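Trainee: One letter stands for each residue in the lines below.
There are 2 protein chains.
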Amino acid sequence: MSSANAVLRKPIETPAEPEKRVRNRAATEQAILDAAKRLLAEEGFQNFGINAVARGAGCDKQLIYRYYGGLDGLVEAIGTDLGGWVQDRIPDDTGGMFLLTYGDLMERLALLFLDALRADPLMRRIVAWEVSENTEQVRRLSEARSKALAGWIERMRGSLTPPKGIDTVAVNAMIFAAIQHLVLSATISGQCAGLALKTAKDWEKAATALKRIVRGVYG
Amino acid sequence: MSSANAVLRKPIETPAEPEKRVRNRAATEQAILDAAKRLLAEEGFQNFGINAVARGAGCDKQLIYRYYGGLDGLVEAIGTDLGGWVQDRIPDDTGGMFLLTYGDLMERLALLFLDALRADPLMRRIVAWEVSENTEQVRRLSEARSKALAGWIERMRGSLTPPKGIDTVAVNAMIFAAIQHLVLSATISGQCAGLALKTAKDWEKAATALKRIVRGVYG
DNA sequence: CTTGCTATTCACCGGCTGGTGACAAGTTGG
DNA sequence: CCAACTTGTCACCAGCCGGTGAATAGCAAG
Chain A
5 MSSANAVLRK PIETPAEPEK RVRNRAATEQ AILDAAKRLL AEEGFQNFGI NAVARGAGCD
65 KQLIYRYYGG LDGLVEAIGT DLGGWVQDRI PDDTGGMFLL TYGDLMERLA LLFLDALRAD
125 PLMRRIVAWE VSENTEQVRR LSEARSKALA GWIERMRGSL TPPKGIDTVA VNAMIFAAIQ
185 HLVLSATISG QCAGLALKTA KDWEKAATAL KRIVRGVYG
Chain B
5 MSSANAVLRK PIETPAEPEK RVRNRAATEQ AILDAAKRLL AEEGFQNFGI NAVARGAGCD
65 KQLIYRYYGG LDGLVEAIGT DLGGWVQDRI PDDTGGMFLL TYGDLMERLA LLFLDALRAD
125 PLMRRIVAWE VSENTEQVRR LSEARSKALA GWIERMRGSL TPPKGIDTVA VNAMIFAAIQ
185 HLVLSATISG QCAGLALKTA KDWEKAATAL KRIVRGVYG
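Protein sequence lines, in the order shown, are assigned to chains A and B.
Take any residue in the first sequence, count from 1 to its spot, add 4: that is its number in the working numbering.
Take any residue in the second sequence, count from 1 to its spot, add 4: that is its number in the working numbering.
The set of hints was computed from the structure by calculation and includes no laboratory data.
Heads up, the list lumps identical chains together, so a pair's fine if it works in one copy or across two of them.
Derived DSSO-like pairs (lysine-lysine); straight-line CA-CA distance at most 30 Å:
(1) Lys-168 <-> Lys-202
(2) Lys-41 <-> Lys-202
(3) Lys-151 <-> Lys-41
(4) Lys-168 <-> Lys-215
(5) Lys-168 <-> Lys-205
(6) Lys-151 <-> Lys-205
(7) Lys-215 <-> Lys-151
(8) Lys-41 <-> Lys-65
(9) Lys-168 <-> Lys-151
(10) Lys-205 <-> Lys-215
Owing to the predicted nature of the structure, the values given are computational and were not obtained by experimental measurement.
Generate coordinates for the entire structure from the input sequences, incorporating the hints supplied.
Mentor: The following block contains the structure:
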C-alpha cells in the first residue's frame with residue numbers, strides 16, 4: 005500500500021481492528037488475572053480453563069503458561085488476591101455500635117457475612133467449588149479464604165470473651181455453614197429448602213431467622 | 005490358530021474377555037442406571053457424561069440414547085429413583101420416642117438428616133451439584149429431592165403444631181442448610197469453618213452444636 | 001431355513017480441551 | 001547496524017467429548 009493511499013484514506017476502523025495490543029507485561033498479567041476472576045465469577049468453575057481465560061483476556065494462552073506457570077499458578081494468584089476480600093467487603097469496626105455481648109458480636113458478624121456473600125459472585129463460586137472438588141487448586145483457594153475470614157473474626161472479636169460452656173467453634177461453624185448454603189442455593193435456584201429467596205422481603209425473613217438462631221444460642 | 009492348539013491350550017481367560025453380554029434389555033437398562041449412580045456418587049458431577057457412564061456400564065453409549073433418550077433422561081431416572089431415598093434412609097416412625105414438642109421433633113429430624121446425608125455419597129454429590137449449576141437436569145433432580153424431603157417432614161410432624169410467632173419455614177431452612185453445607189465441606193476437606201470433622205468425636209461436637217441451636221430456637 | 005425384530009456394537013464426525021515448539025514483532029544495549 | 005532479549009502470536013498435536021448412521025449378532029415366529 006502506498007503512503008499516498010494511506011493519507012487519502014480516512015482512518016476508518018476496520019471491524020476486526022487488532023487494536024494493536026501494546027507490549028506491556030504487567031498490563032497483560034493483570035488482564036489475565038481479571039479475565040480469570042470475571043470468568044470464574046460469571047461462568048463458574050465448570051468451564052474454567054486455560055483456553056477460556058485466554059479468550060477472555062484477549063491474548064494467547066501461552067502467556068498464561070509463561071506468566072503464571074499454568075492454571076494452577078493463576079488460581080493461586082486469585083487466592084492471593086482474595087486475601088484482601090474481607091477487608092474490602094466487610095468493615096472491621098463495629099459500625100458505631102457497642103457490642104456488649106458475644107451474642108451482639110455474632111449477630112452482627114452473621115448478618116455482615118450474609119450480605120457480603122450475597123454481593124460477591126466470585127466468592128460464591130469459590131465456595132461452591134470448595135464443596136464440589138478436592139483438587140490442590142481448590143484446597144489452596146479454600147485455605148486462603150478461610151484464613152482471611154478467621155483473621156477477620158478474630159480482630160472483630162476484640163476483647164470480648166466467648167461464653168463458657170458452649171463450643172463456640174462448632175456452633176459458629178454451623179452458623180456460617182448455614183449462611184453459605186443458603187446464599188448458594190438462593191443464587192442458583194431462588195430458594196432453599198422450601199424457603200423462597202428472591203425478594204427483599206424474603207431475605208428479611210431469612211435475616212430474622214438467622215438472628216433468632218444466633219440469639220437462641222448466645223442469648 | 006489350529007483347533008489342536010485350541011485344545012491343548014488351557015482355557016485361560018484372556019484378560020480382555022468380552023464376557024459375552026447376554027441379550028437382556030431390562031438388565032442393561034439397570035446396569036446403565038447403576039453405573040450412572042455409582043459414577044455420580046464416586047466421581048462427582050464433573051466428569052459425569054455419556055461416555056463415562058457407557059464405559060462404567062460396559063456397554064455402548066448408543067444404548068443410553070436408545071433406552072433413556074440421552075443423559076437428561078438418565079438423570080431424570082436417577083431423580084425418580086431418588087424419590088424412595090427418604091423412605092430407605094430415614095425411618096418414618098419416632099423410634100419409640102415420644103415427640104412431645106416441636107423442638108423434640110426438629111432435633112430428631114436434624115440429627116437423622118445429618119447422619120443420612122453423611123452415609124449417602126450420591127445424595128451429597130447431588131446437593132453439591134445443586135449449588136453449582138443451574139441446568140434443567142439439576143433442577144429436576146433438585147425438585148425430586150426437596151419434594152421427597154418435604155413430604156417426609158410433613159409425615160413426621162404428624163399432629164404436632166409448630167410454635168406461634170416463629171417463622172418455622174425460614175428457621176428450618178437455615179438448619180437444613182447448615183447440615184448440608186457442614187456435611188459437604190466435611191466430606192471434601194475434613195473440616196468446616198475451622199471445625200475439624202474427621203473423628204467420631206468431632207462429629208459428636210457437631211451434633212451437640214446442632215442440638216443446641218435447635219433447642220435455642222424451639223426450646 | 002428364512003424373514004423379521006430387537007439388542008448391541010462399531011466407525012466415524014466436528015468440536016473443544018490442555019499443552020508445546022517454532023516463529024514474528026518490538027525493545028534495548030553495544 | 002547488529003545482536004540479544006522480551007513480548008506476543010500461530011500452528012499443530014493427541015485426546016476426549018457428545019452425537020449419529022450403519023452394520024452386526026442373537027432370538028422368535030412363519
